[in-house]
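Student: Dock chain A against the given chain G, drawing on the hints supplied.
Read off the chains here:
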Amino acid sequence: MAIFVKGVIFEGVDTTAPDCWHIDAYMARGGYQALKKILDNKMPQEDVIAEVKNSGLRGRGGAGFPTGLKWSFMPRSFPGDKYVVCNTDEGEPGTFKDRDILLYNPHALIEGMIIAGYAMGCKAGYNYIHGEIFEAYELFEAALDEARKAGFLGQNILGTDFSFDLFAHHGYGAYICGEETALLESLEGKKGQPRFKPPFPASFGLYGKPTTINNTESFASVPFIIRDGGQKFLEAGKPNNGGTKLFSISGHVNRPGNYEIPLGTPFATLLEMAGGMKDGKKLKAVIPGGSSAPVLPGEVMMELTMDYDSIAKAGSMLGSGAVIVMNEDVCMVKALERLAYFYHEESCGQCTPCREGTGWLYKVIHRIANGEGREGDLELLESVGNNMAGRTICALADAAVFPVRSFTKHFRHEFEHLIEHKKSLVDHKWC
Amino acid sequence: MLSAESLAKIDRELAKYPADQARSAVMGALRIALTERREKGATPEERCLNSEVIEFVANYIGIAPVAAYEVATFYNMYDMKPVGKHKITVCTNLPCALRGGMNAAEYIGKKLGIHLGETTADGKFTLLEGECMGACGDAPVLLVNNHSMCSFMTPEAIDKKLAELE
Numbered sequence: 000m001a002i003f004v005k006g007v008i009f010e011g012v013d014t015t016a017p018d019c020w021h022i023d024a025y026m027a028r029g030g031y032q033a034l035k036k037i038l039d040n041k042m043p044q045e046d047v048i049a050e051v052k053n054s055g056l057r058g059r060g061g062a063g064f065p066t067g068l069k070w071s072f073m074p075r076s077f078p079g080d081k082y083v084v085c086n087t088d089e090g091e092p093g094t095f096k097d098r099d100i101l102l103y104n105p106h107a108l109i110e111g112m113i114i115a116g117y118a119m120g121c122k123a124g125y126n127y128i129h130g131e132i133f134e135a136y137e138l139f140e141a142a143l144d145e146a147r148k149a150g151f152l153g154q155n156i157l158g159t160d161f162s163f164d165l166f167a168h169h170g171y172g173a174y175i176c177g178e179e180t181a182l183l184e185s186l187e188g189k190k191g192q193p194r195f196k197p198p199f200p201a202s203f204g205l206y207g208k209p210t211t212i213n214n215t216e217s218f219a220s221v222p223f224i225i226r227d228g229g230q231k232f233l234e235a236g237k238p239n240n241g242g243t244k245l246f247s248i249s250g251h252v253n254r255p256g257n258y259e260i261p262l263g264t265p266f267a268t269l270l271e272m273a274g275g276m277k278d279g280k281k282l283k284a285v286i287p288g289g290s291s292a293p294v295l296p297g298e299v300m301m302e303l304t305m306d307y308d309s310i311a312k313a314g315s316m317l318g319s320g321a322v323i324v325m326n327e328d329v330c331m332v333k334a335l336e337r338l339a340y341f342y343h344e345e346s347c348g349q350c351t352p353c354r355e356g357t358g359w360l361y362k363v364i365h366r367i368a369n370g371e372g373r374e375g376d377l378e379l380l381e382s383v384g385n386n387m388a389g390r391t392i393c394a395l396a397d398a399a400v401f402p403v404r405s406f407t408k409h410f411r412h413e414f415e416h417l418i419e420h421k422k423s424l425v426d427h428k429w430c
Numbered sequence: 000m001l002s003a004e005s006l007a008k009i010d011r012e013l014a015k016y017p018a019d020q021a022r023s024a025v026m027g028a029l030r031i032a033l034t035e036r037r038e039k040g041a042t043p044e045e046r047c048l049n050s051e052v053i054e055f056v057a058n059y060i061g062i063a064p065v066a067a068y069e070v071a072t073f074y075n076m077y078d079m080k081p082v083g084k085h086k087i088t089v090c091t092n093l094p095c096a097l098r099g100g101m102n103a104a105e106y107i108g109k110k111l112g113i114h115l116g117e118t119t120a121d122g123k124f125t126l127l128e129g130e131c132m133g134a135c136g137d138a139p140v141l142l143v144n145n146h147s148m149c150s151f152m153t154p155e156a157i158d159k160k161l162a163e164l165e
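Here the protein sequences line up with chains G and A, keeping their order. Numbering-wise (numbering that gives the first Met the number 0), the first sequence opens with residue 0 and increments by one. Numbering-wise (numbering that gives the first Met the number 0), the second sequence opens with residue 0 and increments by one.
Chain A with its partners taken away, still in its complex shape:
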């Protein structure tokens, strides 16, 4: 279900914790599984986690599937719903709002023709509202596909970024 490369990465996570505490590796393991699905998935449904993948990860690290499912549903960066090829999360919390976070969210929504929480019809972009990313000094801030933070996202910078995300 996961590539040899992803499994090797999960093994490296497991090595960080005492042998009898493999459960600690579940956060990293689910992230690795999600990243592989995001990169390989052809449709929004194939880019998120589902119970089969979660069960596979749980069995691989040797914990109960429900324990992994609990984690996948508690932390909001694990995509449990179908997601576009590029997931764009905009911070709209107070410090970001004071420097254009709300405007950035509105601008992207208009440009893509979707509201917050929606995916474009071609499955290319999902736009979400995020909570504090710990980068308020760089506002407006976007997080692309969970791992790439984009700073000072003025309308011009947004145009450029969206053009890059093909």
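Okay, chain G solo, but in the shape it has when bound:
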């Protein structure tokens, strides 16, 4: 993978150098200075959290919840064990940013998690890593050994009375474990089936103890925030959308990859950075925030800026920053069929509306795509979707319904044409 434009996390990281992930290279870039600053000055926990709040950092995993606020929910005075957990279970189609953090700058994540552990009074942390990126898991374990050897992890860190340890845990093929309570179940060695909320993880998390779960990119942003100040981070983005953000661009562009750019950058600029449309084809549609985010027509997208508020106003989500670009040759029914198949495969089976509904959605879209659609199928999709969204323990059902609703809304004529004429309006080519 490649990181083509660098911001807060990748500034100064030479991703072409094989040793860029090592602790020496990280420290030469100013790494672990934030942790030293906190420990040398005995910085009060509240001050660390206040700095994160000031930065305007919003959760990079998809929900965009303010990270500092989340940290303040942890009962700091709770006498028993508390945990900090990182969600690197990156399996949302279109998203591939956290893997690059593990491969090229893992110590930024480790330092960020140690600081989080300090701020919330946690005794240990776990990084839950997507099973399919096993090589990144092994490299992360090697980075943890380096941090342990250098005295940044373990008992009495840097000679202070602060102790914290951190471990890696891998998934093994279940998208649902990216949902935070399913992730906790999986970390406990169970099937990854989401829990009812409340209670929220901040009061009842890993092993029933208070737990805070953040995304990889969120934690990896923390060392910068503490070292250079929350204000500087905020200024790197725009108000209420602090910092730079990693955007993973895939699909029909010339240079797919990761781009770490200020939040608020126009989509048109990002597309240009990615080398523009492949083969000079016309932009048809964009999914701006991972497969669960509603699709937007290309012309709508060209008017938007890449931040939480702008994309939300247009009726979609910035999500994890996964931008899937499609050109004029794509049949939108076929595109939706791929996504519907994914959610059908990945439903954990716990809630009936999702287990059955994702299968129905896939079967109906599949038959439309194959020229076997029936009159009333679009109404059927709508009805099935209405019986799923908001009726299950977690948001996977909603995530499966959003693409169906948005594809059939913005590209309804393609579905209608296929149902009526039994063939696609588009001379479909994947690439």
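Take the hints with a grain of salt, since some may be wrong.
[What the hints assert, rightly or not] Calculated lysine-lysine pairs in the BS3-like style (CA-CA distance at most 25 Å, straight line):
#1 K80(A) - K428(G)
#2 K109(A) - K189(G)
#3 K15(A) - K122(G)
#4 K190(G) - K80(A)
#5 K237(G) - K312(G)
#6 K5(G) - K277(G)
#7 K189(G) - K8(A)
#8 K208(G) - K122(G)
[Claimed, not checked] Partner residues aside, some chain A positions facing chain G, computed with beta carbon under 8 Å:
#9 A18
#10 Q20
#11 S23
#12 Y74
#13 M76
#14 Y77
#15 D78
#16 M79
#17 N92
#18 R98
#19 C131
#20 G133
#21 A138
#22 L142
#23 M148
Derived by calculation from the structure, the hints in this document are not laboratory data. For every residue, glycine included, the Cβ atom is placed at its ideal position computed from N, Cα and C.
Tutor: Just chain A now, with coordinates in the frame of chain G:
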């Protein structure tokens, strides 16, 4: 049932979790057991997990066999069915499809003479369709034997990879 080396690896997994939470180590322990079987197994049947191995792992870490079996069957990378010497999983999800994922799956299938989900008659290759591997920017992407990710798999790159997998 497992080598001393695999057991030492499982011990390292156990050390990551509080002493009363050994169950957390089941995911790593099953992966270690599967990896050993894949490397040593002479037939497709010997390369996957089965109830004896799962029970052994459960007893070793001190949990009920059914708890380990639940995990082995829930997560799709634990092979519960006979599998070829080289398991090739192709991502065919939307972002990969837009960059040739479907074509890659078709190309490998034709070359090996099998459909998705099948194993070659000599037991050498199994071809599967996978779901998002978190590497869409590198599409087309293959995962070989669960742990080795191959990027930008054009037909030429596929030819080269298949030739390497002896």
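Student: All hints are to be evaluated individually against the structure, with a verdict given for each.
Tutor: Now the hints, each set against the structure:
Distance restraint check for K80(A) and K428(G): the Cα-Cα separation of roughly 34 Å exceeds the 25 Å cut-off, and the hinted pair is therefore not satisfied. Proximity of K109(A) to K189(G) is assessed by CA-CA distance (about 38 Å); at most 25 Å being required, the pair is judged violated. Between K15(A) and K122(G) the alpha-carbon distance is near 13 Å, which keeps this suggested pair within the 25 Å criterion. Straight-line distance between C-alpha atoms of K190(G) and K80(A) comes to about 19 Å, which keeps the hinted pair within the 25 Å bound.
Of the pairs offered as hints, the one joining K237(G) and K312(G) holds, with about 16 Å between alpha carbons and a cut-off of 25 Å not exceeded. Only pairs whose Cα atoms come within 25 Å are accepted, and K5(G) paired with K277(G) is accepted, the gap being roughly 23 Å. Our distance criterion of 25 Å between C-alpha atoms is met by K189(G) and K8(A), whose separation comes to about 20 Å. As the CA atoms of K208(G) and K122(G) are separated by approximately 11 Å, the hinted pair is consistent with the 25 Å bound.
Interface hint status for A18(A): violated, as the beta-carbon distance to the closest one in chain G is roughly 12 Å, over 8 Å. Checking Q20(A) against chain G by beta carbon gives a least distance of about 6 Å; that is within 8 Å, so the hint holds. Using the Cβ-Cβ criterion of 8 Å, the hint placing S23(A) at the interface with chain G is satisfied: the shortest such distance is roughly 4 Å. A hinted interface residue such as Y74(A) counts as satisfied when its beta carbon comes closer than 8 Å to some beta carbon of chain G; here the least separation is about 4 Å, so the hint holds.
For M76(A), the interface hint holds, the least distance from its beta-carbon to any beta-carbon of chain G being 4 Å, beneath 8 Å. Taking 8 Å as the C-beta contact cut-off toward chain G, the hint placing Y77(A) at the interface holds, the least distance being around 6 Å. Taking 8 Å as the C-beta contact cut-off toward chain G, the hint placing D78(A) at the interface is violated, the least distance being around 10 Å. Annotation: M79(A) was flagged as interfacial toward chain G, and the flag is violated, the nearest CB pair being 12 Å apart, outside 8 Å.
Hint on N92(A) holds. Least Cβ distance to chain G is approximately 5 Å, under the 8 Å limit. Given the 8 Å rule on beta carbons, the hint for R98(A) holds: about 6 Å separates it from the nearest Cβ of chain G. A least Cβ separation of about 5 Å between C131(A) and chain G falls short of the 8 Å threshold, and the interface hint therefore holds. At about 4 Å, the closest approach between the beta carbon of G133(A) and any beta carbon in chain G falls short of 8 Å, and the interface hint on this residue holds.
Hint on A138(A) holds. Least Cβ distance to chain G is approximately 7 Å, under the 8 Å limit. Hint status for L142(A): holds, given a least beta-carbon distance of 6 Å to chain G, under 8 Å. The beta carbon of M148(A) comes within 6 Å of a beta carbon in chain G, closer than 8 Å, and the hint placing it at the interface holds.
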